[in-house]
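Engineer: Please build the complex by placing chains B, C, D, E and F on the supplied structure of chain A, with the hints as guidance.
Here the protein sequences line up with chains A, B, C, D, E and F, keeping their order. Residue numbers are given in numbering that gives the first Met the number 0: position 83 of the first sequence equals residue 82, and the series is strictly consecutive. Residue numbers are given in numbering that gives the first Met the number 0: position 311 of the second sequence equals residue 310, and the series is strictly consecutive. Residue numbers are given in numbering that gives the first Met the number 0: position 297 of the third sequence equals residue 296, and the series is strictly consecutive. Residue numbers are given in numbering that gives the first Met the number 0: position 8 of the fourth sequence equals residue 7, and the series is strictly consecutive. Residue numbers are given in numbering that gives the first Met the number 0: position 127 of the fifth sequence equals residue 126, and the series is strictly consecutive. Residue numbers are given in numbering that gives the first Met the number 0: position 16 of the sixth sequence equals residue 15, and the series is strictly consecutive.
Worth flagging that the hints you see were computed from the coordinates, not collected in a lab. Hints may contain errors.
The list makes no distinction among identical chains, and a pair is therefore deemed to hold if it is satisfied within one copy or across any two copies.
[As the list claims (entries may be wrong)] With a Cα cut of at most 30 Å, we get these calculated DSS-like pairs of lysine-lysine: (1) Lys-187 / Lys-271; (2) Lys-304 / Lys-187; (3) Lys-81 / Lys-179; (4) Lys-291 / Lys-81; (5) Lys-81 / Lys-285; (6) Lys-6 / Lys-81; (7) Lys-179 / Lys-285; (8) Lys-291 / Lys-179; (9) Lys-304 / Lys-81; (10) Lys-6 / Lys-304; (11) Lys-291 / Lys-187; (12) Lys-304 / Lys-271; (13) Lys-6 / Lys-271; (14) Lys-285 / Lys-6; (15) Lys-186 / Lys-271; (16) Lys-186 / Lys-291.
Protein chains: 6
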Amino acid sequence: MMSNNHKLKVFSGRANRALAERIANNLGDTLGRIVLDNFPDGEISVRIDEDVRGRDVFVVQSTCPPVNENLMELLIMLDAFKRASAARLTAVLPYYGYARQDRKDVGRVPITAKLVANLVTRAGADRTLALDLHAAQIQGFFDIPVDHLHAAPVINDYIRTMNIPPQDFVVLCPDEGSIKRALIHQKKLGGAIAIVDKRRSSATETQQANLIGSSLEGKVAVIFDDMISTAGSVVGAANVARRAGAREIYACATHGVLCGPAVERLRDAPLKQLILTDSIPLPPNKHLPNIKVLSVAPLLADAIKRIHFNESVSRLFE
Amino acid sequence: MMSNNHKLKVFSGRANRALAERIANNLGDTLGRIVLDNFPDGEISVRIDEDVRGRDVFVVQSTCPPVNENLMELLIMLDAFKRASAARLTAVLPYYGYARQDRKDVGRVPITAKLVANLVTRAGADRTLALDLHAAQIQGFFDIPVDHLHAAPVINDYIRTMNIPPQDFVVLCPDEGSIKRALIHQKKLGGAIAIVDKRRSSATETQQANLIGSSLEGKVAVIFDDMISTAGSVVGAANVARRAGAREIYACATHGVLCGPAVERLRDAPLKQLILTDSIPLPPNKHLPNIKVLSVAPLLADAIKRIHFNESVSRLFE
Amino acid sequence: MMSNNHKLKVFSGRANRALAERIANNLGDTLGRIVLDNFPDGEISVRIDEDVRGRDVFVVQSTCPPVNENLMELLIMLDAFKRASAARLTAVLPYYGYARQDRKDVGRVPITAKLVANLVTRAGADRTLALDLHAAQIQGFFDIPVDHLHAAPVINDYIRTMNIPPQDFVVLCPDEGSIKRALIHQKKLGGAIAIVDKRRSSATETQQANLIGSSLEGKVAVIFDDMISTAGSVVGAANVARRAGAREIYACATHGVLCGPAVERLRDAPLKQLILTDSIPLPPNKHLPNIKVLSVAPLLADAIKRIHFNESVSRLFE
Amino acid sequence: MMSNNHKLKVFSGRANRALAERIANNLGDTLGRIVLDNFPDGEISVRIDEDVRGRDVFVVQSTCPPVNENLMELLIMLDAFKRASAARLTAVLPYYGYARQDRKDVGRVPITAKLVANLVTRAGADRTLALDLHAAQIQGFFDIPVDHLHAAPVINDYIRTMNIPPQDFVVLCPDEGSIKRALIHQKKLGGAIAIVDKRRSSATETQQANLIGSSLEGKVAVIFDDMISTAGSVVGAANVARRAGAREIYACATHGVLCGPAVERLRDAPLKQLILTDSIPLPPNKHLPNIKVLSVAPLLADAIKRIHFNESVSRLFE
Amino acid sequence: MMSNNHKLKVFSGRANRALAERIANNLGDTLGRIVLDNFPDGEISVRIDEDVRGRDVFVVQSTCPPVNENLMELLIMLDAFKRASAARLTAVLPYYGYARQDRKDVGRVPITAKLVANLVTRAGADRTLALDLHAAQIQGFFDIPVDHLHAAPVINDYIRTMNIPPQDFVVLCPDEGSIKRALIHQKKLGGAIAIVDKRRSSATETQQANLIGSSLEGKVAVIFDDMISTAGSVVGAANVARRAGAREIYACATHGVLCGPAVERLRDAPLKQLILTDSIPLPPNKHLPNIKVLSVAPLLADAIKRIHFNESVSRLFE
Amino acid sequence: MMSNNHKLKVFSGRANRALAERIANNLGDTLGRIVLDNFPDGEISVRIDEDVRGRDVFVVQSTCPPVNENLMELLIMLDAFKRASAARLTAVLPYYGYARQDRKDVGRVPITAKLVANLVTRAGADRTLALDLHAAQIQGFFDIPVDHLHAAPVINDYIRTMNIPPQDFVVLCPDEGSIKRALIHQKKLGGAIAIVDKRRSSATETQQANLIGSSLEGKVAVIFDDMISTAGSVVGAANVARRAGAREIYACATHGVLCGPAVERLRDAPLKQLILTDSIPLPPNKHLPNIKVLSVAPLLADAIKRIHFNESVSRLFE
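Extracted from the complex, chain A is given alone in its bound form (with noise of 0.2 Å):
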């Protein structure tokens, strides 16, 4: 609904400041500027500090933990950027929090991911972009258009410069929910395929009982997962990789929210390197060694200069 007499302008909220600034300087721009403060008794105070009347305006906000304060923030400017006048509102979520609660697996409970989309567009957002849904439905629980884009092939490039043998090179799924992803990584990357068969595991302490598929004997093994919480799955996954004698051990992900044990546990893992994205900062003492930041931020400022010039989004991933 945009033509190019409407400016684009990217604000930002303080959950992931500097994967906008990042984002504004792959657009050629700076970030907007907005004053965001808390009240002494907590409240989020928004100022919006230059002109938006008639702009279309993006406002990126991970809701990466503290996922209340961030979603608080991010409802809060979309109401002071509509009341405002922006042209256009698209809520920008490299990172969407409570997208686990998608379902009601068992009776009375909420089903948090939807309340999150009706939260935002009640706020005021006209469209969405988010990048990894943890489900691929959440994208209809919006009734705004939303492009969902994928870090895969930021990961996939980074992790051909590591130039692993084809033949030596084994894509390793967590468990029976990740194979899906896994395959799409690997018909890309190649290699072959091994599942941890985590009923087994726990039932079990055998070497060779908890693995399906491709020996990881002497070879590479390559973890794909979409978010990296408690890091309880992958570095399972690792310590199994590492009994079925692999020779290298890496975990991608795209989400690093990296919580409670999450540190600790890494910390011991035998992964050579955990490889994350920006969508979620990561703070210094969170920043082990071996884990290596990818910038989804090119990608990101590409899909709002193809929303904003009426592009094709689709094509990004041609």
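Structural biologist: Quick look at chains B, C, D, E and F alone, frame taken from chain A:
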């Protein structure tokens, strides 16, 4: 819309569980069972632990600090209750956070108090029960029915037990904005009126100049406000009263937010007693010896009972 | 959401066509052609008499008395413009009727100011342009953007032309509710402050008792209010000022409703001049010789131009 | 959605209080207490004067002239009842103003009948009870349930008491648009059919030419219409019938708007009797001696009772 | 809301692709690429095969039989275009199925024409372009703008090419419901009027009795209707005309549904020619030799162009 | 929101009337009377043939093939029930068509499963009762409450009657996507797990290579899926099992769509028995001798009863 075959049940978020329990006790019941927790990444998990299908559910949650946590918890609870087929959902908000962001005094700011109303409605509330909203117009921010209670009768009853001699009693307004509220109390309690003239206070340092109305010399000054946040205003008024020769100084407020320098200021203030309600929980480290906490639980319980049984809530004030 | 290829066009209802014409003139244009009439049974008929498809339409209608006629005419016009495919519809409300019904002070009353906001939105307005709303919170009654202008600069400019000696200038507040507004004017114009203490006025008849603040003896008193309805309050204040020895008394208000006994009261009041704006048309029989009408047309025209060209409206006040 | 423990209560606006009282009487009740007034500036004030929480409320308001006053009063009442927590709100519209603005026959006009439906719904009505809507499609303008009653049985019962000899009875259609309605009456009452051919009437002046169908010579002609507004059509038809030799001429209509030249025209018309209902109040100055007013109160009361007790309203017509 | 930088693009469902192609040709363009198919279980699959982000999209779909297939295909296409970020979505409905279900004549039936309007809006249409709706009130079933075209000029132009002598030309109404439509044609084309009196037709078998108005003896009778469904009404009228001595009989209708016994009836009917438009595709087995199909493609293309360029659509009829 | 004075009534569309009758029988009732038909042009006509005002209505309709007919019939029925003032409307969807269109895997496609949720809600459903949704996230596509049942207990009960020796029992997953479902059955039924590795199956033709997990040699393989559509996947798995030496092969699925080549494939497949439920009707020509149909009517009836009487539906699974 309720009939007697929809059983009433009160549930509580984690913001002010003590108040919610008092409300349930006043209703001769216990709180409904609900499991509220945080995942390691800080996301809130909600599981209602008893059947609520067809129940008339009241969810008690003060959106006091940490306001964003408490507000999101309320919204997620509402989503869970709605999906669990509660017959009717009333959000009980003894303290309504963000109430002071109720207008745009400058350009490009949010009206967060309206946003909160929209979010609470979108998440599934059928009605709201509130206490001493900072601005009465916030009722109009909702399209669902709002029952708006006042703690004034509770506070006035307590003041009466002090037996202040009528000729000594002076209602002291800390600023122009509080005159209306002060007059409501004075109408019930009698006494003279004095107003702190803040504009002059800063300019001059003389004692008489910054007081308008009744003399305080040898009198008992009682300050009324709706909330005490950083306590700057109330402590300033107390100091003026002290300099004006008041014999005893009391301050009353419905909502004791007591954030930032509040406790420190109050500790040094010439207040004989600070009277608050339990709309916001007062942690031990804030509970100064001269603070008296009155409970609004009987008031809220009575309103809940009347709402449930379709009796007049207005009659609570007659 | 507008671009320059959506031509701006101003239309007027029948409430205040003179003001709308002045606005159009200020924009270097004429009013859009629209045929407004009543059928013999009083139903309003609307026919837009020029093409509006893709236009940026501003509909000027003060909802002054007869308020229900004017409000319904506005709603019907909005429906016609929406169905005629206007690109954007802005309801320009120089006077917002029912603004004082903005809260429930007693039980079982409407919040008509909110209802009006809902009706205007439902009928098709995309945004609203308002002038000196009775309560700033009314902005929050809308979920569509509201630009809220103030006539204070227009009135202050006029006051300055009077060249009242600074030491003689006293801003007189007719009641507690108008203190805030008075302070805004006083901040720009200088002068002392005095407040009519209404509660005592009724009780006692003595001259000094019912004035708080600066003495008026030999001074020039200027009363500021947002609207003059039955004129009871402003005439009461003028009489107090007269008894207090004021040399000259002026009254200013944005909205001159002048209903009921207003004209009679004003005719007998000790006012040297009553300064109003043309937000509400003043029929000849109400146009007393000492009434001065300032036009808000330049202000509204400027705001319309800025809204159309996506320029900051806040800057109007700098 | 009502159960018996939600007490039924009928309230009335000021448009047609006499009818509302008759409805309440037919229900063995009195009207609910509500204070309706106008402020000096003409704004409507509403205060419900008895508890309505959890009641099944029916608000009777004909939106007859002054239509805008009556419609706004209805909307404000609905807002008040909704905020006062009525269990269910039914707008009872014995006459639906603006019903003829139900389509866009030319470009750039409103569809006010649809706008009214939207406004009534937005203001809070849960359902509508209407009588002889000008076009049946207006039911579809609502997404809330509409019960649509017909006064035909009431009118037919009265016609039967006249004992017109069947062979003398001719149903006369004043124009093509009324043929369908006429056939409905004729199906119940018997008689021949004649149609006034308006197109020729204006061109020629001969007597026979402008009538299609049965001869009226010496017959009793009965004209049926849904509403009589300026009475041009019905008086024209009566004159045609007189010239065609009709012995007696009657006219019947549900809604007697009688605006503009209606009374004057009717006074001179060759009508033995004009039969109307009390859907619109008939002031004494319009009550010509030959007007007979039938009450639809029993019909509306019966429908209200059936709606309240969840009984079939369709059965009213069997 | 469109500006010229949003390129216009026409897409077609499978209901009437030939018409859509003609429309695109008239616009000097080709149809947009979209892949429409059915999965083996009959579910419709939609994939838009070119970029539509920021385009002004018109989706042509007649909801003719199979109506449910065609309607669902339209709704699914709308969902796909909305999620693909089309700038504006216009549903072009040359034939509006379910239009006759526009009221509740008996209790407990749907108003499907309104339901369809709600579904089309909910699925994402921003506006609708329709042709000869069965009832003009259907425009009011939509809250989005509807442009309502009439095929009458197309049909009249064709009739004029027949050069029927004015004195021989009789417009024949097949029933009372079609009188209004017939008069519109007669106003443009001249000629006399005759009406088939259906009520009597069934009762008596005499030739003269069942015709009202002009004699048909030796005349050219032209029947006008909005749609021909089972052809009962039009063939009945043709037979009446034949018995009444008409020399030639024509029938015209915008929408040729031709379902059930229609083709059989028409084959045996005394019609010299049946004139239809291509609003509904006519399969070869229904294309009788005496059927003439006029194209509404130029009319629809012109309207689409005007909508896109914000020019008056009303002017199409001047 | 229901109380006991709102009588429960079950109605059925034409998609699966036999199941609806079984549900009604299980409730000790007969189906509600409703007349469903098609006009000659294929439009669906609906007339509810008994009073439903104030009833708690459950409309049973599987949106199985012909899916668009069945879905539109459901929507039209919902419209009719809503307008007939049903107290509450529950759409009972034993099979939810379009469930697999639940995400955008490529650009510019619809999310039809979400569209269906929006349409069902817009047409008037207050709640939904579904069975084995293809993706659990579809619950989140609704903002109205969804009760989601599982046929697993019904199927498991039947499997248990087969008395397969535990050591012979192997749960066979036809692909990776069905592993989760298989594990749910295996948890209740015991047995080993084997997975068909589809990727390899296509590449190689060797027998062992395409099975992961437990050996099938001499075992009883039971395949579990949620639906059988063209039967390609299940028959492929059966063939793999046969080649792997399985002694007996069973397949189970809740929804037997059996479209396209399904019956042909199944006729030739090495399946001892195919176990389906009656969520979709199985016409005689598809009812192969080795198909066993279990009824979900008791399960659905129990859920309906619990919903009506406000009892826990979750307890159905304990």
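Engineer: At most 30 Å between CA atoms: does that hold for Lys-304 and Lys-271 within a copy, between copies, both, or neither?
Structural biologist: So Lys-304 and Lys-271 fail the 30 Å test inside a copy (36 Å) and across (58 Å) alike.
Engineer: Evaluate Lys-304 and Lys-81 at a C-alpha cut-off of 30 Å and name the case that applies: within, between, both or neither.
Structural biologist: Close inside one copy (21 Å) and across copies (19 Å); limit 30 Å.
Engineer: One pair to classify: Lys-291 and Lys-179, alpha carbons no more than 30 Å apart. Within, between, both, or neither?
Structural biologist: within (24 Å within a copy, 33 Å between copies)
Engineer: Regarding Lys-6 and Lys-304, is the shortest C-alpha distance of 30 Å or less found within a copy, between copies, in both, or in neither?
Structural biologist: both (11 Å within a copy, 18 Å between copies)
Engineer: What label fits Lys-81 with Lys-285 when the C-alpha limit is 30 Å: within, between, both, or neither?
Structural biologist: neither (36 Å within a copy, 39 Å between copies)
Engineer: Is it within a copy, between copies, both, or neither that the alpha carbon of Lys-187 lies no farther than 30 Å from that of Lys-271?
Structural biologist: within (22 Å within a copy, 41 Å between copies)
Engineer: With identical chains treated as interchangeable, where does the CA-CA distance between Lys-179 and Lys-285 reach 30 Å or less: within a copy, between copies, both, or neither?
Structural biologist: Intra 29 Å, inter 34 Å, cutoff 30 Å: intra-copy only.
Engineer: Quick one: Lys-186 to Lys-291, C-alpha cut-off 30 Å, is that within a copy, between copies, both, or neither?
Structural biologist: within (23 Å within a copy, 40 Å between copies)
Engineer: I want to check one pair: Lys-285 and Lys-6. Are their C-alpha atoms no more than 30 Å apart within a copy, between two copies, both, or neither?
Structural biologist: neither (38 Å within a copy, 49 Å between copies)
Engineer: Measure nothing new, just compare the shortest in-copy and cross-copy C-alpha distances for Lys-291 and Lys-187 to 30 Å and report within, between, both or neither.
Structural biologist: Answer is within: at 21 Å inside a copy they meet the 30 Å cutoff, but 44 Å across does not.
Engineer: One pair to classify: Lys-291 and Lys-81, alpha carbons no more than 30 Å apart. Within, between, both, or neither?
Structural biologist: Neither. Shortest intra-copy (38 Å) and inter-copy (38 Å) distances fail the 30 Å Cα cut-off.
Engineer: For the identical chains here, do Lys-186 and Lys-271 meet the 30 Å Cα criterion within one copy, between copies, both, or neither?
Structural biologist: Answer is within; shortest intra-copy Cα gap is 23 Å, inter-copy 37 Å.
In the structure shown, a violation is registered for the earlier hints numbered 4, 5, 12, 13 and 14, in ascending order.
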